[in-house]
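Chemist: Could you build the full structure based on these sequences and the hints that come with them?
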Amino acid sequence: MIRVQNASRWYGLVVGINRVSLDLEPGVTGLLGVNGAGKSTLLNLMAGLLKPTAGSVTLDGEPIFAHPRALARIGYCPGADRFWEDMTGLEFVTFLGRLSGLTAAAAKERAGRALQEVALGDEGGKRIRAMSKGMRQKVKMAQALVHDPQILLLDEPLNGMDPPSRAHAIAAIKRWGEEGRCVLVSSHLLHEVEAMTSRILLLHYGRVLASGEVPQVREAIASRPLKVFLRCADARTLASVLIAWPTVASVTFAGDGRNLTVEVSDASDFRARLGALLAEREVGLEILNPLDDNLAAVFSYLVA
Amino acid sequence: MDSPTRALFGFTALRMALSVKGLLFGLMAAFPWGVTLLLRLLVAKGIPVPLGGITLYGMVVFLYVCGFLLPLSTLFFGVGLIADEREGGTLPYLFGRPVPRARLFLVRYAAMSAVIVAGCWASVLGTYVLGVSEAGAGALGREAGTLLLDLGVVGLGALVYGALFAFLGLSLKRPLFAGLLIGFGWENAVAYIPGFLKRLTVLFHLHTLLPHGGGPTGIIQQMLSSSESKTAALLFLVFYGVLFVGLACFVIRRLEAASAQEADA
Chain A
1 MIRVQNASRW YGLVVGINRV SLDLEPGVTG LLGVNGAGKS TLLNLMAGLL KPTAGSVTLD
61 GEPIFAHPRA LARIGYCPGA DRFWEDMTGL EFVTFLGRLS GLTAAAAKER AGRALQEVAL
121 GDEGGKRIRA MSKGMRQKVK MAQALVHDPQ ILLLDEPLNG MDPPSRAHAI AAIKRWGEEG
181 RCVLVSSHLL HEVEAMTSRI LLLHYGRVLA SGEVPQVREA IASRPLKVFL RCADARTLAS
241 VLIAWPTVAS VTFAGDGRNL TVEVSDASDF RARLGALLAE REVGLEILNP LDDNLAAVFS
301 YLVA
Chain B
1 MDSPTRALFG FTALRMALSV KGLLFGLMAA FPWGVTLLLR LLVAKGIPVP LGGITLYGMV
61 VFLYVCGFLL PLSTLFFGVG LIADEREGGT LPYLFGRPVP RARLFLVRYA AMSAVIVAGC
121 WASVLGTYVL GVSEAGAGAL GREAGTLLLD LGVVGLGALV YGALFAFLGL SLKRPLFAGL
181 LIGFGWENAV AYIPGFLKRL TVLFHLHTLL PHGGGPTGII QQMLSSSESK TAALLFLVFY
241 GVLFVGLACF VIRRLEAASA QEADA
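Protein sequence lines correspond, in order, to chains A and B. Per the numbering used here, the very first residue in the first sequence carries number 1; after that it's consecutive. Per the numbering used here, the very first residue in the second sequence carries number 1; after that it's consecutive.
No lab work stands behind these hints: they were computed from the structure. The reader is advised that the hints may include incorrect statements.
Using 20 Å as the maximum straight-line C-alpha spacing, the simulated EDC-like pairs for lysine to aspartate or glutamate come out as follows [to be verified]: (1) Lys126(A) / Asp162(A); (2) Lys21(B) / Asp86(A); (3) Lys174(A) / Glu25(A); (4) Lys126(A) / Glu85(A); (5) Lys21(B) / Glu87(B); (6) Lys51(A) / Glu85(B); (7) Lys126(A) / Asp86(A); (8) Lys21(B) / Glu85(B); (9) Lys108(A) / Asp2(B); (10) Lys108(A) / Glu123(A); (11) Lys227(A) / Glu286(A); (12) Lys21(B) / Glu85(A).
Modeler: Following this line, the structure appears as structure tokens:
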């Protein structure tokens, strides 16, 4: 699949990405980062539109840049809202399907299917200049999909979509990942990525800050305490026990006095001790919820 | 022709023909028809006119089509062949598809040339019919050889100028300015200077190949055409065409689709 090895890309003195290495695996991977983090640069490199200044970007060992065999296996949805405006959505997708080697008839049939897949359907017959932002996003996604590529690179594909379209697109992206395609989706909206996948690649200032499953990434950040939410009948007693543990940094009461937020420096040690405690005595534990196992926490820890 | 080639050729030709540039090009191509019709009208009304239809036709091909219409149309279409897509942000759609870059350029270049050649030929043919028929219907047949040669030279001129300006469009950040300097500065100034330098223009070789020996520009033309053979002129033009097409293919293989601003603006 796509392998990025020590790839750097500079624009004069400006760094796009810096010594990035990764392997894009089947399934959905979320590419996260604030604006200017290097997400689009990385996607453009992987889509064969940019050359790395140093390092390599390959697909099964072959460089991707301007390489037709590699490009045939990649579908790229650019972030920029640019089209040949006077074409209809169907014409646009059909034309790009034909450039991917499909015959005129096959391209039209596949274009129709791709537009259905992104829930544009009959509205694909509209001129692109008359389409809303969300519809235009769908056309871009459909053109990435029309030649049935194994690899999908989607640059902020949900921008401008209304909530139902967004939900549909998220479901479609998840489905493509489940079908075994390698899908890399960039976004700076955490909840979007979280809805699609738990596997992330976090870029910051052109560097990979973290990659992997969100809980794994969270555990890897050993220097940051993990916050755990607990709700139990006898919160005071439990708090007095917990605060004595060396791995517990702090205990805070919240709400009606039955809620506790515990800061833990070693998650696995805390889990083991809590398991032993629950086996030993009845504390009336109702809820145990790690608060920092979500993407927002990981993101804020790493980027802050 | 395979599916991508046909799709790209049709797409490029249609977009060029239906663009604002295409409309202006059509108007410019039709301009000599109006002039020729005006001449016919004056002749019909008995107003004395200093030149006949055949002479006017020769001047149109020599001065207007080769000296103005060809360089201008190839300049505007040629520099924008890839640059327009880059500026419009649509280049990633073309470069992200499995079409070899050189083929992508060659197909677009062929489509552009087809549009320009069609327009220029229409201009020449229309002027020929309207102008030469002024000397009687028989003149149309007598001058057919000249017409065919003119069409050949105009077609060759479109290919060579198109290659030159397409190469400039791929290589330079502001190709239009450089193209204007070359197309209307260098070409028109140097082509008339005696010596070797004029061989570095396209216009000089086109003039050598044109069959219009006489006419009002005869002195200049004789001076130009006497300095090289038609074979040499043809070889020069073929060389220039192949050179610029080759250079353009070389450049496009290394061209990136996304600029720094686009990539992470």
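Chemist: Decide, hint by hint, whether the structure agrees.
Modeler: Hint check:
no.	hint	verdict
1	Lys126(A) / Asp162(A)	18 Å, holds
2	Lys21(B) / Asp86(A)	16 Å, holds
3	Lys174(A) / Glu25(A)	14 Å, holds
4	Lys126(A) / Glu85(A)	10 Å, holds
5	Lys21(B) / Glu87(B)	16 Å, holds
6	Lys51(A) / Glu85(B)	19 Å, holds
7	Lys126(A) / Asp86(A)	10 Å, holds
8	Lys21(B) / Glu85(B)	15 Å, holds
9	Lys108(A) / Asp2(B)	16 Å, holds
10	Lys108(A) / Glu123(A)	15 Å, holds
11	Lys227(A) / Glu286(A)	17 Å, holds
12	Lys21(B) / Glu85(A)	17 Å, holds
In summary, this structure violates none of the numbered hints.
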